[in-house]
Amino acid sequence: MSWSGVFSQLLEIVAALLLAPLLTGWVNQCRAWLQNKSAPSLLLQYQMLRKLFHKESVVAEHASPLFRIAPYIVFGCMALASGIIPTLSIDLPLSPAADAIALVGLFAFARVFISLAAMDIGTAFGSLGARREMLIGFLAEPALLMVLFSASLITQSTSLTSVIETLAHREFVIYPSLAFAGVAFTLVSLAENARVPVDNPSTHLELTMIHEAMILEYSGRHLALIEWAASLKLFAYSCIGLTLFFPWGLAEVGSPGEMILALPVLVLKLAIGGALLALIEAVSAKMRIFRVPEFLATAFMLAVIGMLVHFLLG
Amino acid sequence: MMMQAYLIQSVNLFASALLLLSFAMLSQRRILSLIHLFTLQGAALVAATVVVAYVTNQHHLYYSAAITLVTKVIVIPILLHRLIDRLNVKWDVETLINIPTTMLLGILLVVFAFNLALPIAKLSSSIVHSTLGIALACVLLSFMMMITRAKAVPQVIGFLSMENGLFFAATAATYGMPMVVEFGIAFDVLVGMFILGVFMFQIREQFDSLDIRHLEKLKED
Amino acid sequence: MEQLLLVLAVPLLGGFVLALCGHRDYAPEVNVGVSLGTLVAAGLLTARIIDRGPMLAFDDQFFVDPLNVFLIALTAFVGFTTSVFSRPYMRHERDCGKMTPGRMRLYHSMYQLFNFTMLVALSTNNLGILWVAMEAATLTTVLLVSVYRTAASLEAAWKYFILCGVGIAQALFGTILLYLAADKVIGAGGGALLWTNLEAVKAQLEPNVMALAFVFLLLGYGTKVGLVPVHNWLPDAHAEGPTPISAVLSGLLLNVALYAVLRCKMLTDGALGNHLAGHLMIGFGLLSVVAAAFFLSRQKDIKRMFAYSSIEHMGLMTFAFGLGGPIANFAGLLHMTVHSLIKSAIFFAVGHAAQSAGSQLMEKIRGLIKVNPMVGWGLLLGTLAILGMPPFGVFASEFLILTTAMRDLPWATPFLLLALGVAFASIFSRVQEMVFGDTDLKPLEHPPALLPVFVHLGLGLMLGVYIPPYLVDWYQQAAKMIGG
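Protein chains in written order, with our numbering: chain A, 2 to 315; chain B, 14 to 234; chain C, 780 to 1263.
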């Protein structure tokens, strides 16, 4: 474990932490453009985080310690996930830990804690949001796993770094199973990251909220951490998507110099991804809650079909 | 050679698109989107046929692709659009079993089709023989779409989509059928569509609705 | 060769001519004339085949041999007699207001085009064209089934279209698989779908593919034959369409579909070497006979009842061809001929009976002997004939089938006997009530065309007692070809 390795790893984590709010801001800006509104500043998310960190955090009287700890746990999970997903390089000290199944487990861990925290206070909306979140998670996780397995079947490994290595180094081959997996992954990401058509991130109607309903009680630094964690989750999912479907442009070696060179490629890929996300959000309408299981069932079916097609066509 | 490999992979991709569209049609609720998806499916079929024709130098496949283009991508969608315009049927499609269950059954059908087609595909000497399983899966999925729909127009679209799947099966297994047969099939399909159009007006006139459940009164008595 | 051209061209041109003038008063006569022309051409073709044996025509695309020559003649003959029947029948329907001039045009032109498609299906050598013609036969009759525009007839036509369409799609898949197998042996191109070529190389066709192809072909064409469980369209289509259409559907189309199955069976048997095809046909045939007999006993509508009787008889024929061997095949071919003649005769009589009673429900039809003695006797004799009374032809063929079954497949015989018995009891009791008894029905205005009924019954009787030598020869040659 050389100093260079540690430094590179830290660089990747810091890059993730810094880029995540920028990605969210970019998506919001694209969406505003598409809706013909004047866009907020790209740095709005940073300003919001700074504002929240300076504010006092008000906690309900009968809140348990879980309520206070949950934001830190969630933030920690998301930061870790973003840090170990290969975004800039595939040869970092923590890279071997970037196993697809472990990542899904990390996301599930975070989901459990935030749902518990939402139910902790005992308000109606908290429980509502927690229940819906668990429903979506319950349906989305198998779909996500199937998507990751499709890619793993092609590359014979569940470690994301091996996936990148194999896919980036092979000749460009069109894998039909990855086409199915790609569509399924998009659907799952939309659901998990609380985007239209599953959940509107900018809604203020409590009865239609899923993600927002769970964090209604948080304020101050707790809220800042949770918002940051949400941005990191979007960042992490985007990077998983890029890993599976557009694995080119990453640094082979874990040296900081190479990683700085890989940074613009990452930014460009994320920018295009963010714009596409905004496009999907702009042309879709939020669907009713009882339709969400259908949506996720579709994603699951597509992922399974992707795997079956892999067995048939290779 | 590289080009050839890419072209064969692109046929696989078009085949997967065909399957994807069959699934999308299965889960679709609105008739207008159904017609658009059907048109896309026809376009994917034409693209796949053209690529196979180019790679294998079978010129009669170009003619087949042209026939498919004219019938499935241009004429029949136009007929369908006019039909639903005049019949005013843009409403939600009702399904007889709910959509997640339909999807699950669809998965089982796909597994069944792939298994069934595997030994046959090995016997074919075509270079895209592995897509025979996908073609059979499309046929079975369209068949299920016909069974689980309660209105006339989606049933018809399911029927046409089944024909798409069969055409692709012919292309995948044996580079298409002899031309005279393909002309005959295309002619049959067109005449069938025309008759169906006339027929739907008759149904509409009699029942004021195109709900198939009105057409289930004749039972054993 | 010219005779075949005439046989095909006359109905095709007739169809187009009638599309223009089918609504006029003289249209039924034109219809009869065209059908007569077809019959004459078929007669010439038959004479040529008797003279010089099987022939290939038009670049090998058409083929007439002992198996289809008598079917072609039969189709032309029944087409002609049905057109004679349809003259007064459709006039009566027009006077009742059930048929408008536009619908008469449709009816007449589609009638001839339907005959054309059936003749193409019978005489073609190309299995792909066979498929196209079968689908076209469905298409020409769909609009005819719904021609009265009642709720029930629309439902019947919709079911007919969709169910037969699905069936035909399966047959298309079977044809594709067949082409796949043929492609490897004969090579690509039009030659690979020609039946004569396939028959020559059938031992080299890949067994797995042929087995799967036959399953799809049996299910597909079997839908059009009316095999249980894919028979659902049949009773409705027969009951709701005009009676001449019921007659030709029952008498001719079912035969053509069975013929298609037989051609495929011959190839499959050669390719597989085992009796899979035969066993499948025995299974479906037996199921059809038994199921139809029981459905039959619960019917209230006369045409539905006789439609189920058609299903039963087609099941019996399928069973016979599944058994195989010279006697069973001969019996099956004979049964195809006599069933066609007698069933259409029954439908002619039923049509007139329903017209005089104004309804198709059996409880409303009574005392036909008194009102219209000829119709009454026609119905009674026809029913006795179809139920297997000697000396009509059906008795001879059923006897042969049952004895072969007793020898080769003893466990099936009780089922067959039970089914035939149930059918006998149900149909005969109903028909007896309809023919005898008191009634206040009035006679029909247009004198019913009863000559066709008695001509058909006469032929059925003759075939039970004496079969012309060339017909025996063809049956025997065809039975040998079908093998099994």
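I should point out that these hints are in silico values taken from the structure, not numbers from a laboratory. These numbers were taken from a predicted model, which means no experiment stands behind them. Even glycine gets a Cβ: it sits at the ideal position worked out from N, Cα and C. Do not rely on the hints blindly, as some may be mistaken.
In silico DSSO-like pairs for lysine-lysine, Cα to Cα no more than 27 Å straight-line [to be verified]: (1) Lys1149(C) <-> Lys1079(C); (2) Lys1259(C) <-> Lys1079(C); (3) Lys135(B) <-> Lys981(C); (4) Lys1079(C) <-> Lys135(B); (5) Lys981(C) <-> Lys1259(C); (6) Lys963(C) <-> Lys981(C).
Some chain B residues well away from chain C (every beta-carbon gap over 12 Å; in silico) [unchecked claim]: (7) Tyr19; (8) Pro90; (9) Lys135; (10) Ser137; (11) Gln168.
Taking the hints in turn, this is what the structure says about them:
no., hint, in the structure
1, Lys1149(C) <-> Lys1079(C), "holds (22 Å)"
2, Lys1259(C) <-> Lys1079(C), "violated (42 Å)"
3, Lys135(B) <-> Lys981(C), "holds (20 Å)"
4, Lys1079(C) <-> Lys135(B), "violated (53 Å)"
5, Lys981(C) <-> Lys1259(C), "holds (16 Å)"
6, Lys963(C) <-> Lys981(C), "holds (12 Å)"
7, Tyr19, "holds (25 Å)"
8, Pro90, "holds (19 Å)"
9, Lys135, "violated (10 Å)"
10, Ser137, "violated (6 Å)"
11, Gln168, "violated (6 Å)"
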